[in-house]
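Turn these sequences into a full structure, and let the hints steer you where they fit.
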Amino acid sequence: MALGKHFNQGFFKTVIGSVIRVGIPLLGPARLIQRLPRTVPSAFPGTKVSVEAFAEKHMRATFESCVASPPFVEGVMRDAATHIGIPIELTQRPGSFVPNVGYSFALEFKW
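The sequence shown begins at 1383 in this note's numbering and counts up by one.
None of these hints come from the bench; they were simulated from the model.
Among the clues, some could well be false.
Said to hold, decoys possible - No farther apart than 20 Å at their CA atoms in a straight line, the calculated lysine to any residue pairs in the SDA-like style are these:
| id | residue 1 | residue 2 |
| --- | --- | --- |
| 1 | 1439 | 1477 |
| 2 | 1439 | 1418 |
| 3 | 1387 | 1488 |
| 4 | 1439 | 1413 |
| 5 | 1430 | 1467 |
| 6 | 1439 | 1460 |
| 7 | 1430 | 1420 |
| 8 | 1492 | 1476 |
| 9 | 1492 | 1479 |
| 10 | 1439 | 1484 |
| 11 | 1387 | 1411 |
| 12 | 1387 | 1466 |
| 13 | 1492 | 1467 |
| 14 | 1439 | 1450 |
| 15 | 1395 | 1413 |
| 16 | 1430 | 1416 |
| 17 | 1439 | 1395 |
| 18 | 1439 | 1424 |
| 19 | 1492 | 1416 |
| 20 | 1395 | 1408 |
| 21 | 1492 | 1463 |
| 22 | 1430 | 1483 |
| 23 | 1439 | 1465 |
| 24 | 1492 | 1383 |
| 25 | 1387 | 1450 |
| 26 | 1439 | 1464 |
| 27 | 1395 | 1383 |
| 28 | 1430 | 1464 |
| 29 | 1439 | 1454 |
| 30 | 1492 | 1449 |
| 31 | 1492 | 1433 |
So, in structure tokens, the structure goes:
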């Protein structure tokens, strides 16, 4: 998780990252999570993300064929959540690793 947070902090120091960081609070948690299927593959090509809503403030993002490890992605998401200004409970669900394919796992969000 620490590496994911460190990655975000470095990214947010770049010109593009600083612009994105300013926009994160404007999105809010639900829209930030709903955008993951479009944004994650730009950082991790080949990764498929699906988002499922269980309640107004409870969602799950499922990652398939992700080259980044689950703790790394969780760290990135936890750090991004701190910029929203709303406490988010984030739980990593058990997943699997397939050689030459990647990780499959889920992150559950509640706020």
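Hint check results:
1. A threshold of 20 Å between alpha carbons decides the hint, and for residue 1439 with residue 1477 the separation of about 23 Å lies outside it, so the pair is violated.
2. Annotation: proposed proximity of residue 1439 to residue 1418 holds, straight-line Cα distance about 16 Å (limit 20 Å).
3. This hinted pair checks out: residue 1387 and residue 1488 have alpha carbons roughly 18 Å apart, not beyond 20 Å.
4. Between residue 1439 and residue 1413 the CA atoms are separated by roughly 11 Å; this keeps the pair inside 20 Å, and the hint holds.
5. About 27 Å separates the Cα atoms of residue 1430 and residue 1467, which puts this hinted pair outside 20 Å; it is violated.
6. Distance hint between residue 1439 and residue 1460 is fulfilled; the C-alpha atoms sit about 16 Å from each other, no more than 20 Å.
7. Straight-line distance between C-alpha atoms of residue 1430 and residue 1420 comes to about 9 Å, which keeps the hinted pair within the 20 Å bound.
8. For the hint linking residue 1492 to residue 1476, the alpha-carbon distance of about 17 Å falls within 20 Å, and the restraint holds.
9. Distance restraint check for residue 1492 and residue 1479: the Cα-Cα separation of roughly 25 Å exceeds the 20 Å cut-off, and the hinted pair is therefore not satisfied.
10. Taken as a hint, the residue 1439 and residue 1484 pair is broken in the structure, with Cα atoms around 29 Å apart against an allowance of 20 Å.
11. Using a Cα cut-off of 20 Å, the hinted pair residue 1387 and residue 1411 holds, with the two alpha carbons roughly 18 Å apart.
12. At most 20 Å may separate the alpha-carbon atoms for a hinted pair to count; residue 1387 and residue 1466 meet this at roughly 15 Å.
13. A C-alpha spacing of about 14 Å is found between residue 1492 and residue 1467, which places the hinted pair at or below 20 Å, so the restraint holds.
14. For a cut-off of 20 Å, the pair hint linking residue 1439 to residue 1450 is broken: about 26 Å separates their Cα positions.
15. The suggested pairing of residue 1395 with residue 1413 is violated, with an alpha-carbon distance near 23 Å, which exceeds 20 Å.
16. With a C-alpha separation of about 13 Å, the suggested pair residue 1430 and residue 1416 falls inside the 20 Å cut-off, and the hint holds.
17. Between residue 1439 and residue 1395 the alpha-carbon distance is near 30 Å, which puts this suggested pair outside the 20 Å criterion.
18. Only pairs whose Cα atoms come within 20 Å are accepted, and residue 1439 paired with residue 1424 is rejected, the gap being roughly 26 Å.
19. Of the supplied pair hints, the one linking residue 1492 and residue 1416 holds, its CA atoms being roughly 14 Å apart against a limit of 20 Å.
20. The suggested pairing of residue 1395 with residue 1408 holds, with an alpha-carbon distance near 19 Å, which does not exceed 20 Å.
21. Distance restraint check for residue 1492 and residue 1463: the Cα-Cα separation of roughly 11 Å lies within the 20 Å cut-off, and the hinted pair is therefore satisfied.
22. Of the pairs offered as hints, the one joining residue 1430 and residue 1483 holds, with about 11 Å between alpha carbons and a cut-off of 20 Å not exceeded.
23. As the CA atoms of residue 1439 and residue 1465 are separated by approximately 17 Å, the hinted pair is consistent with the 20 Å bound.
24. The straight-line distance between the Cα atoms of residue 1492 and residue 1383 is roughly 18 Å, inside the 20 Å bound, and the hint therefore holds.
25. Using a Cα cut-off of 20 Å, the hinted pair residue 1387 and residue 1450 holds, with the two alpha carbons roughly 13 Å apart.
26. Using a Cα cut-off of 20 Å, the hinted pair residue 1439 and residue 1464 holds, with the two alpha carbons roughly 16 Å apart.
27. A C-alpha spacing of about 19 Å is found between residue 1395 and residue 1383, which places the hinted pair at or below 20 Å, so the restraint holds.
28. Of the supplied pair hints, the one linking residue 1430 and residue 1464 is violated, its CA atoms being roughly 24 Å apart against a limit of 20 Å.
29. Distance restraint check for residue 1439 and residue 1454: the Cα-Cα separation of roughly 24 Å exceeds the 20 Å cut-off, and the hinted pair is therefore not satisfied.
30. For the proposed pair residue 1492 and residue 1449, the alpha carbon gap of about 25 Å is over 20 Å, so the pair is violated.
31. Our distance criterion of 20 Å between C-alpha atoms is met by residue 1492 and residue 1433, whose separation comes to about 13 Å.
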